[in-house]
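Visitor: Here's the letter readout for the chains.
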Amino acid sequence: MHINLREEVKQHNSAKFGIAILLLMLTIALFAPLLASYSPNMQTPFAFEPPSFSHWLGTNHVGQDILSQLLYGARTSLLVGFSVALLATILSATIGASTALIGGLYDRITMRIVDAFIIIPIIVIIILVAAYVKPSLWVLILLLSLLGWQGGARIIRAQALSLKEMGHISAAQSFGASNVYLTFRHILPDLGPILLVEFIYGIRRAIFMEAGLAFLGIADPTTISWGMMMREALDFCYLDVWQWWLLPPGIALSLTILSVTFIGHTLEGALDPRLESEAIA
Amino acid sequence: MLKLENLKVSYAWEEILNGIDLEVKDGESLAIIGESGAGKTTLALSLMRLVNGNVKGKIFFNGLELLSLSEEAMRGLRGNQIALAPQNANNTLNPVYTILDQVAEPVLEHQSKNRREAREQASGLLSDLGIPKSRFSAYPHQLSGGEQQRVLIAMALANQPKLLILDEPVSSLDAPARAEVIELLKAISQDRSLIVMTHDISTAAKLADNIAIIYSGRIVELGLMGEVLSRPRHPYTRGLIRSYPDMSTGKDLQGIKGVMNRSVSGCPFHPRCTQAIEICREKIPPLMLIQGRYIACHRGGIIPLLSTKNLTKHFGSLLAVDSVNITIEGAETLALVGESGSGKTTLAKLIMGLAKPTEGEVYLEDSRVNNRGKDFYHQVQMIFQNPGESLSHRLSALELVREPLDIQEIGTKEERNSKARQVLREVELPETEAFLSKYPHQLSGGEMQRVAIARALVLDPRLLIADEPTAFLDSSLQAKILKLLLNLQEQRGLSLLFITHDIAVARKISDRIAVMKDGRIVEQGPAKSIITTPVHAYARKLSQAASSLSFEVKEP
Amino acid sequence: MFSIRNLALYLIAMFIILTLNFLLPRMMPGDPLMAIYGEEALVQMTPALKAELVERFALDQPWWQQFAAYLSTLFTGDLGYSYYYNAPALEVILGRLPWTLLLVGTTLIISTFGGIILGIESGWRRSSLQDKSLLTGLMVLGGFPDFFLGILLLIGFGVTWAIFPLAGAITPYSGFTGAALVLDVLHHLFLPVTALILCHVGASYLLTRNTMVTVLKEPYMLTARAKGLSNLVMRYRHAGRNALLPVITRTGIQLGRMITGVLFVEIVFAYPGLGYLTYEALLARDYPVLQGVLLIVAVFVLIANFLVDLSYSKIDPRIRYAH
Chain B
1 MHINLREEVK QHNSAKFGIA ILLLMLTIAL FAPLLASYSP NMQTPFAFEP PSFSHWLGTN
61 HVGQDILSQL LYGARTSLLV GFSVALLATI LSATIGASTA LIGGLYDRIT MRIVDAFIII
121 PIIVIIILVA AYVKPSLWVL ILLLSLLGWQ GGARIIRAQA LSLKEMGHIS AAQSFGASNV
181 YLTFRHILPD LGPILLVEFI YGIRRAIFME AGLAFLGIAD PTTISWGMMM REALDFCYLD
241 VWQWWLLPPG IALSLTILSV TFIGHTLEGA LDPRLESEAI A
Chain Z
1001 MLKLENLKVS YAWEEILNGI DLEVKDGESL AIIGESGAGK TTLALSLMRL VNGNVKGKIF
1061 FNGLELLSLS EEAMRGLRGN QIALAPQNAN NTLNPVYTIL DQVAEPVLEH QSKNRREARE
1121 QASGLLSDLG IPKSRFSAYP HQLSGGEQQR VLIAMALANQ PKLLILDEPV SSLDAPARAE
1181 VIELLKAISQ DRSLIVMTHD ISTAAKLADN IAIIYSGRIV ELGLMGEVLS RPRHPYTRGL
1241 IRSYPDMSTG KDLQGIKGVM NRSVSGCPFH PRCTQAIEIC REKIPPLMLI QGRYIACHRG
1301 GIIPLLSTKN LTKHFGSLLA VDSVNITIEG AETLALVGES GSGKTTLAKL IMGLAKPTEG
1361 EVYLEDSRVN NRGKDFYHQV QMIFQNPGES LSHRLSALEL VREPLDIQEI GTKEERNSKA
1421 RQVLREVELP ETEAFLSKYP HQLSGGEMQR VAIARALVLD PRLLIADEPT AFLDSSLQAK
1481 ILKLLLNLQE QRGLSLLFIT HDIAVARKIS DRIAVMKDGR IVEQGPAKSI ITTPVHAYAR
1541 KLSQAASSLS FEVKEP
Chain G
2001 MFSIRNLALY LIAMFIILTL NFLLPRMMPG DPLMAIYGEE ALVQMTPALK AELVERFALD
2061 QPWWQQFAAY LSTLFTGDLG YSYYYNAPAL EVILGRLPWT LLLVGTTLII STFGGIILGI
2121 ESGWRRSSLQ DKSLLTGLMV LGGFPDFFLG ILLLIGFGVT WAIFPLAGAI TPYSGFTGAA
2181 LVLDVLHHLF LPVTALILCH VGASYLLTRN TMVTVLKEPY MLTARAKGLS NLVMRYRHAG
2241 RNALLPVITR TGIQLGRMIT GVLFVEIVFA YPGLGYLTYE ALLARDYPVL QGVLLIVAVF
2301 VLIANFLVDL SYSKIDPRIR YAH
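Protein chains in written order, with this note's numbering: chain B, 1 to 281; chain Z, 1001 to 1556; chain G, 2001 to 2323.
The set of hints was computed from the structure by calculation and includes no laboratory data.
Treat the hints loosely; a few may be bogus.
Straight-line C-alpha distance at most 30 Å; calculated DSSO-like pairs for lysine-lysine [to be verified]:
#	chain 1	residue 1	chain 2	residue 2
1	Z	K1186	Z	K1113
2	Z	K1283	Z	K1008
3	Z	K1008	Z	K1257
4	Z	K1056	Z	K1133
5	Z	K1251	Z	K1541
6	Z	K1113	Z	K1056
7	Z	K1206	Z	K1257
8	G	K2132	B	K16
9	G	K2217	Z	K1162
10	Z	K1058	G	K2050
11	Z	K1251	Z	K1003
12	G	K2132	B	K134
13	Z	K1483	Z	K1349
14	G	K2217	Z	K1008
15	Z	K1257	Z	K1283
16	Z	K1419	Z	K1483
17	G	K2217	Z	K1056
18	Z	K1257	Z	K1162
Ranges between beta-carbon positions, derived for each pair [claimed, not checked]:
#	chain 1	residue 1	chain 2	residue 2	range
19	G	L2307	Z	K1058	50 to 60 Å
20	B	S162	G	V2159	34 to 44 Å
21	G	V2159	Z	P1095	45 to 55 Å
22	G	P2047	B	A47	29 to 39 Å
23	Z	S1144	B	H168	33 to 43 Å
24	B	L34	G	V2159	33 to 43 Å
25	G	S2174	B	V133	33 to 43 Å
26	B	I109	Z	N1091	29 to 39 Å
27	G	H2187	B	G192	47 to 57 Å
Where is the CB? At the ideal position from N, CA and C, for every residue including glycine.
The task is simple: from the sequences and hints, build the whole structure.
Guide: As structure tokens, then:
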């Protein structure tokens, strides 16, 4: 399974687009404090201002600068996205690989639990938990990770199982290699591409969930989030303010999700040779 | 009814068919034989215009030029007047529909029947092909390979096609199923034209009256089945038949040296051909009618290497050789079988020029041989019965093998030595200094005979006359020497005139046998015929008296 | 093809959910009764009622007895009482369920059907302009979160050009019946369903298209072509039918997930389904309803999965008749 990521990206314009947008968002997130003219939380008496020189996107219902909120919102989305994806992927990889390698009762029991979790609807659980516990940003990240690794574990387990059967594993075993050695030297590197795809899609899921939960009003109200911005804007949709309040976070969110989707799609295409020479654009 | 003119099919990377000319008349059957990769399936598909590549040339079907038809018109012909039963692999039948539905489909498409009528017709077809009614609503994966093949054939027959194309119809079946399906196909082929693509010669022989051999995208031989199989005229065809195991062959299997390579200029077969000449490398030979057979070969097919005409020798009043006419072809073994005193050795000597004939001529490649000089001996060499006598006891093994080169003054001393070593390698003798410096009396019988063969080979002859070469060897050694000779024939294209009294040995090594008695050739022909159905009384006697390992086991 | 393995799976899933429902309120600091019923509810209760509830839930007993008590109340169909809606929680939830089902059902049917057709056509003409633009277009659509699309549609067609209503499933107090009622329902249904379809059609499309690409390479496609079948027949009857399998499977799985998947859209359009109920209950801290929703949704998902398992074999004869 020899995949040249650079080649894939070069060939597909969509991937290039995705990477460009993602880099843009990352830059905004990193440099938000420098780029924003105002503190996003600072309330002014000038509410519902249309876009002007001092406020490029106008102000919201409590006079906060929308553009600054937009820039800071990127931080939240990307932070949650990457953290959750990272944690979830690590969990998926560990559990998936270990069940494949160890097998036996451990494998059977764990997989039953994993399958059960896949069936359970996550969003309701999170809402329920949020009703009881005030979720701060980190609790949210933890929760999303704990509820999001199961799908990936299945996929990685399947891949690890097929890798286990490959010749170079048995060869290494015949030299007396331990399971740990096999995992780190042989299996994990070959799992790399799949883990990467899982990671990318995990980012997408997490960004969506975070935005959705913020939209519902469940998330931490002190954290600026695009979802939260949209929710507040929706409350005042009968006023004519939605163009500069509602659209920007929505478009920013959509673009970010889209960029990650494009990258993920290209990587998936690289993994599956049957869909070779596919080009979105 | 079907005529192909210079059909060329190529894909982006390769030319698969390079100018195919064929003709099939109404009711005729043609088998197309070739190795895998030769282009059989591409040919089958291009007849239906189902190839995805670049197609040039013309295909005439009942007057219509298929390549210039619109896709709609072509579609109207497919599964209708021209039908294909494709090779049965996994998933050649759609897994989600019953076989009855799939057979009814072409009926629905091309005839104006309703669903019920179409299914009725399909039922009839399936029954005719031997599928029981209970299986009609089965799905493909529930059927055996033989049943699946029958379904594919039923599908092809649905609309009574005028031309039926079969791509490897029985290759995926085991022997009993194979026999049944072949019987079926023979019955079907009565009312229509049939083209069968296969790599299996015996299937082709049973199904078709005509045969075309395809090699690397070109037809190399075309003719009547019986004639081509019993006397192939193209070196490739002969090689193919020789490599084919069947119950009636006696001669051991031989391969064709080399492998098929498409990017070859000139005749596509020339790198593997043992009679290739300069022009073969440069120009592609056209398929031409030569003596009743279509052959694509610059040399007109397998060349006659050596022939004798009315060769006669009197020793005083004794008629040793009486009007002998034999021909030895390139890369072929002719066994000359007869008892001692029949004149075999004399004949050999006559050919070699070691005795002068009273009458008659010897021809080497169609030119009469008058004086035998270096050129002749370059091409014809001989090995004798008793290696102990034919090898000078004064020369070492290396010197013995090198002698012909020394005599003919070919090359430098080093070159001669290395050539000598090379042939010693070919006859599977060691190259060690110790061996090379041995004298004949230090060698075993088998080693001596091998040295003799090596010596005969060092001039790269095209014909080797072997006079009872294994007479002084025990059977294990005899077997090895025979194998060696066959190997040399395969690799070098060496022709053999093998003289023996033992018809059983002749059987294992010869393509053709000439039976000699009292100086005359009483019968000659393909080895298979001479051995299984000898005509002349003497030949029959020889055959019966031949060594046989079969005997009755007596019950206790 | 009912299997013991799947049954065990469902039981484990239910168990996890029940445990969660059980543990959450009881792990909160303070009065467990308050955690179960919510602060506001408690204020309205009489001491006698409180005592009775304590006994029913065995709140002063050890853990396992509490769990047993919890389970037994569930079996009697008692999911608690919603103070906010002033009715048993089960009743409230079941009342909202049909609207969610309407939303989910319509969306699934149209988006799956549309996705399949588009996928077949796209896969057939792979790499053509049509294929590429569909692929790009639908992927872009899929990037939009469903609630954003919903909001855009709402603002566009609801607010700016007031063609469609802004909220609800039916016009309140209208007293429509028969055909007029149906039209009214459809009128209210249109925007939310459109938002959902736009979001979800991409997945079915992509799956169908990719499966088509693989299927078109199979030998039976050549066989079909050799029979002289028309393009339409080959595309749908032969290739399409085989390409269906993964999509139908996925749709079955989606059936369960969509119940909660429509949550955001319901909220945007104030559509009175389970999602909107959850939202309201969250705002009102109506714990019985929240827990009840989780339970009912879980049960529903499990039933849906079960039905999908059953219908698996109908679709693929290879599974039905596997030797």
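Visitor: Taking the beta carbons of L34 (chain B) and V2159 (chain G), is their distance inside 33 to 43 Å?
Guide: holds (37 Å)
Visitor: Hinted pair, alpha-carbon criterion (30 Å max): K2132 (chain G), K16 (chain B). Please report holds or violated.
Guide: holds (16 Å)
Visitor: Within a Cα-Cα threshold of 30 Å, do K1483 (chain Z) and K1349 (chain Z) meet the stated pairing?
Guide: Holds, because 25 Å separates the two Cα atoms, which is no more than 30 Å.
Visitor: Keeping to a limit of 30 Å between CA atoms, is the pair of K1251 (chain Z) and K1541 (chain Z) held or broken?
Guide: holds (21 Å)
Visitor: Would the hint linking K1008 (chain Z) and K1257 (chain Z) be met if the CA-CA limit is 30 Å?
Guide: Given pair K1008 (chain Z), K1257 (chain Z) holds - Cα atoms ~27 Å apart, limit 30 Å.
Visitor: Taking only the CA atoms, is the gap from K2217 (chain G) to K1162 (chain Z) under or equal to 30 Å?
Guide: Holds - the C-alpha atoms of K1162 (chain Z) and K2217 (chain G) are around 29 Å apart, at most 30 Å.
Visitor: Is it true that the C-beta distance of S2174 (chain G) to V133 (chain B) lies inside 33 to 43 Å, as the hint says?
Guide: holds (42 Å)
Visitor: Take the C-alpha atoms of K2132 (chain G) and K134 (chain B), compute the straight-line distance between them, and say whether it is at most 30 Å.
Guide: violated (46 Å)
Visitor: 33 to 43 Å was suggested as the range; check whether the CB atoms of S1144 (chain Z) and H168 (chain B) agree with it.
Guide: Given about 38 Å between the Cβ atoms, the range holds.
Visitor: For the hint 50 to 60 Å, verify it against the beta carbon of L2307 (chain G) and that of K1058 (chain Z).
Guide: holds (59 Å)
Visitor: Just to be careful, I want the Cα atoms of K1257 (chain Z) and K1162 (chain Z) compared with a cutoff of 30 Å; is the pair within it?
Guide: Violated, at about 40 Å.
Visitor: Given the hint that K1206 (chain Z) pairs with K1257 (chain Z), test it: the Cα-Cα distance must not exceed 30 Å.
Guide: holds (28 Å)
Against the hints set out earlier in the document, violations occur for numbers 4, 6, 10, 11, 12, 18, 20, 22.
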